[in-house]
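Protein chains: 2
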Amino acid sequence: MDSYRINLPADGIPRKWYNVVGDVPDALTPPLHPGTRQPAGPEDLAPIFPANLIEQEMCSDRWVDIPEEILQVLALWRPTPLHRARRLEEALGTPAHIYYKNESVSPAGSHKPNTAVAQAYYNKVAGVKRISTETGAGQWGSALAFGTGLFGLECMVYMVRVSFEQKPYRKSLMHTWGANVLPSPTDQTNAGRKIREEMPDTPGSLGMAISEAVEDAATREDTKYALGSVLNHVLLHQTVTGLEAKQQFEMAGESPDVVIGCVGGGSNFAGFAFPFVPDKLAGQDIKMIGVEPESCPTMTRGEYRYDYGDTEKMTPLLKMHTLGHTFVPPKIHSGGLRYHGMAPLVSALVDKNIIEAQKRHQIACFEAAVQFARTEGIVPAPESSHAIRVAIDEALECKKTGEPKVIGFLLSGHGHFDMSAYDAFFADKLEDYVYPEEAIAKAMKTVPNV
Amino acid sequence: MDSYRINLPADGIPRKWYNVVGDVPDALTPPLHPGTRQPAGPEDLAPIFPANLIEQEMCSDRWVDIPEEILQVLALWRPTPLHRARRLEEALGTPAHIYYKNESVSPAGSHKPNTAVAQAYYNKVAGVKRISTETGAGQWGSALAFGTGLFGLECMVYMVRVSFEQKPYRKSLMHTWGANVLPSPTDQTNAGRKIREEMPDTPGSLGMAISEAVEDAATREDTKYALGSVLNHVLLHQTVTGLEAKQQFEMAGESPDVVIGCVGGGSNFAGFAFPFVPDKLAGQDIKMIGVEPESCPTMTRGEYRYDYGDTEKMTPLLKMHTLGHTFVPPKIHSGGLRYHGMAPLVSALVDKNIIEAQKRHQIACFEAAVQFARTEGIVPAPESSHAIRVAIDEALECKKTGEPKVIGFLLSGHGHFDMSAYDAFFADKLEDYVYPEEAIAKAMKTVPNV
Chain A
1 MDSYRINLPA DGIPRKWYNV VGDVPDALTP PLHPGTRQPA GPEDLAPIFP ANLIEQEMCS
61 DRWVDIPEEI LQVLALWRPT PLHRARRLEE ALGTPAHIYY KNESVSPAGS HKPNTAVAQA
121 YYNKVAGVKR ISTETGAGQW GSALAFGTGL FGLECMVYMV RVSFEQKPYR KSLMHTWGAN
181 VLPSPTDQTN AGRKIREEMP DTPGSLGMAI SEAVEDAATR EDTKYALGSV LNHVLLHQTV
241 TGLEAKQQFE MAGESPDVVI GCVGGGSNFA GFAFPFVPDK LAGQDIKMIG VEPESCPTMT
301 RGEYRYDYGD TEKMTPLLKM HTLGHTFVPP KIHSGGLRYH GMAPLVSALV DKNIIEAQKR
361 HQIACFEAAV QFARTEGIVP APESSHAIRV AIDEALECKK TGEPKVIGFL LSGHGHFDMS
421 AYDAFFADKL EDYVYPEEAI AKAMKTVPNV
Chain B
1 MDSYRINLPA DGIPRKWYNV VGDVPDALTP PLHPGTRQPA GPEDLAPIFP ANLIEQEMCS
61 DRWVDIPEEI LQVLALWRPT PLHRARRLEE ALGTPAHIYY KNESVSPAGS HKPNTAVAQA
121 YYNKVAGVKR ISTETGAGQW GSALAFGTGL FGLECMVYMV RVSFEQKPYR KSLMHTWGAN
181 VLPSPTDQTN AGRKIREEMP DTPGSLGMAI SEAVEDAATR EDTKYALGSV LNHVLLHQTV
241 TGLEAKQQFE MAGESPDVVI GCVGGGSNFA GFAFPFVPDK LAGQDIKMIG VEPESCPTMT
301 RGEYRYDYGD TEKMTPLLKM HTLGHTFVPP KIHSGGLRYH GMAPLVSALV DKNIIEAQKR
361 HQIACFEAAV QFARTEGIVP APESSHAIRV AIDEALECKK TGEPKVIGFL LSGHGHFDMS
421 AYDAFFADKL EDYVYPEEAI AKAMKTVPNV
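So the sequence lines, in the order shown, correspond to chains A and B. Per the numbering used here, the first sequence starts with residue 1, numbered consecutively. Per the numbering used here, the second sequence starts with residue 1, numbered consecutively.
Don't take every hint at face value.
Said to hold, decoys possible - Partial pick of chain B residues on the chain A-facing surface, computed with a CB cut under 8 Å:
1) S3
2) N7
3) P9
4) A10
5) A75
6) L76
7) R87
8) A91
9) Y169
10) W177
11) N180
12) V370
13) R374
14) I378
15) F417
Said to hold, decoys possible - Now the stretches of chain A that chain B is said to cover, found in silico as 3 or more residues with beta-carbon under 8 Å:
16) 66 to 75
17) 99 to 113
18) 422 to 433
Stated by the list, open to error - In silico EDC-like cross-links for lysine to aspartate or glutamate, where the CA-CA straight-line distance does not exceed 20 Å:
19) K124/A / E90/B
20) K124/B / D11/A
21) K246/A / D11/A
Keep in mind that the hints were calculated from the coordinates and are not lab data. None of the values given here were measured: they were computed from a predicted structure. The C-beta atom is built at its ideal place from N, Cα and C for all residues, glycine as well.
Could you put the whole structure together from the sequences, leaning on the hints where they help?
Structure (structure tokens):
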């Protein structure tokens, strides 16, 4: 039988995370204190993160041991399969070999638990009893609810009110794992009360929810805050996907010419692509493509500068590609990709031309998603469909040139909780959106001059 | 690291299905023609099933080769993992070893694709262009949409109207895989039109939807009908789960003392348990428990007799445990377990005391489901929670006796599309229901005397 799937043995989970800073030291840029705009030290982050994660955030070792307790939980769904998309290849009539690493098999249905489990563990050993976070569409909130549930921590999720009301099943999932979920803005925080007074009918926003979650952590002794993307330690935790994939490509006797991931905050792409950076630095010809939505073109139309991570200017300034912290992307269905900024490590590698940034429209991505579902059988998350779109485009290019390239992409999650987006696609209700130059220039004006 | 998961290599998918009729020949009872009540021959089934599946339905060979084309599709998610539920064991404080075979990782989220893929393949090679079926909650309909999608067949799903309206996302999933889905009763069939005339406001029922799907197949040259459980060939296709699990138990150096599955029509339980029947017949002490809902107690309170498979008396009579074809179970959240009858092969093995039948209330099952979700991390389908309940009960019994039994159960699916049921559970809105003797006696009176 031709191979359709490459499985690692149960003990094939990596024992160490790969830290790209070990190979590209100057990719590590210091965060700046939001008040003083001076480099922020561990003490500046201590109110909201435990010391062990702050240390990891600053770490420049190439390899970081994964604690046994984390491996035991990851073993619930890891190693994940690497699939050869033979039916998709056949449908495209391409000589390319298309592979996808399938992160949809995690209990929360995405790559997010790779870091949620690690963050829950490190908080637990640091003596933290309760973790606060924000969530938009709910992928990160449910992953953290899962992780904290397994380590016996309390979890407080501030969920953007409009999502709370429109996506009730993500909320139910978090409840089932034992988390507390409130529609943000709430009346439980100063930030929330202030916003409700000023805007009683607000549908909420990620910026507001971040403010509430950070305030919650900063004002309670037993609580720390957790973030699902962007930060170095989050990207580090995601490298299990790329490290496994490298083993699996080797088992298949292949070496990827192109690796692709969708990019919102950058963690799923980084986790998949970074482990291939050493090969690229050693001279191997690997194209690494991060794909963002046309409607939130952070890397392709933003600037590489210091900016705030949130609209309320509560977070440290990070050096990253940004559209400006006041930039509000339209309500595309890939909620997970609607972020004005970018992981600093991804930004640095884009700046160094190690990583290539591309962007795609959502309708073309849904077309790719449906073609993928009908050939490969998995219904992808709208976010993941951006990676699929580019993988198909690359494979169609190979059809023209006759090159049998090896293309690998990360399937970051399934679409079981996003079926209303597919309904909108089939009903021709989706729109593509390109921001006019002026709109981006206007948001960029709010980026501080540092 | 302690083992938490036993993975088979990618080529570990069984190459043959196991047919329990080869070991228990008199378990095979002939279906009777609904009109003449004489044994039905292949020609009686030919209007609705292709010849190759009719042959499989009557087959008494112990082993049946799995065609390469089916294996290639199963390879998308098979072999599935066998997990050791160490966190659940610890929470229970039991000396038992609890294992679960995880069928939730299939693209449709349940065990159903194991047979949907096989049925789509056999219809395709028989020259069938289009398959009709019915679905209640949508698990089977979405699995068949997935299977037919991959083999390029058209799929027509008659979905019970109330589910069509209340569970729109299962419908969206079927659309994404390319199936046509209509709320039943429709105006596309004689049966549907007749029902709509008589009952314009009917919410629909599985009985009505079966009538429509069967009429569709019987009256169109290009179309055959497919059923997701009950029949011998369906159970046969499901044995990949038990065959894989046997290999995995061996890898773990264990041998199960108890194997458990939930039972609606019987296929997931049979697929998991039947491959252990030869060991039991050879004298090994294995308890095989099929778990049904208290509110639909087919095996525990029904009789082992010939009865119709549907309310409209269109199907052949099958010898099975039945509560009477007019029996209407209450609307519990395990929609997949609401069936008045039982797979004839499961019924025969219950009758021979090879299989033990148990029943559980839904609230106790949801309690088990939440405990499972919070320890093992997977949110189970309400149906699967019946198996979990009994696994936990067995493990708690071991705690009393000190016996370190090896308990294995089939996790038939995840609950991503059933989160409203969890909401109802957390809101204390679930009820347990026991049918009074008179109600069951009344439905049993409609069973024909054969």
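These are the hints, each one checked on the structure:
1. S3: This hint holds: S3/B lies near chain A, its Cβ roughly 7 Å from the closest one there, short of 8 Å.
2. N7: 4 Å, holds
3. P9: 6 Å, holds
4. A10: 4 Å, holds
5. A75: 4 Å, holds
6. L76: 5 Å, holds
7. R87: 7 Å, holds
8. A91: Since chain A brings no Cβ nearer than about 10 Å to A91/B, farther than 8 Å, the hint is violated.
9. Y169: Hint holds; Y169/B Cβ to chain A Cβ min 4 Å, cut 8 Å.
10. W177: 6 Å, holds
11. N180: 12 Å, violated
12. V370: 6 Å, holds
13. R374: At 5 Å from the nearest chain A Cβ, R374/B passes the 8 Å test, so the hint holds.
14. I378: Given a least distance of 5 Å, the restraint on I378/B holds.
15. F417: 7 Å, holds
16. 66 to 75: holds (count 5)
17. 99 to 113: holds (count 3)
18. 422 to 433: holds (count 3)
19. K124/A / E90/B: 18 Å, holds
20. K124/B / D11/A: 39 Å, violated
21. K246/A / D11/A: 15 Å, holds
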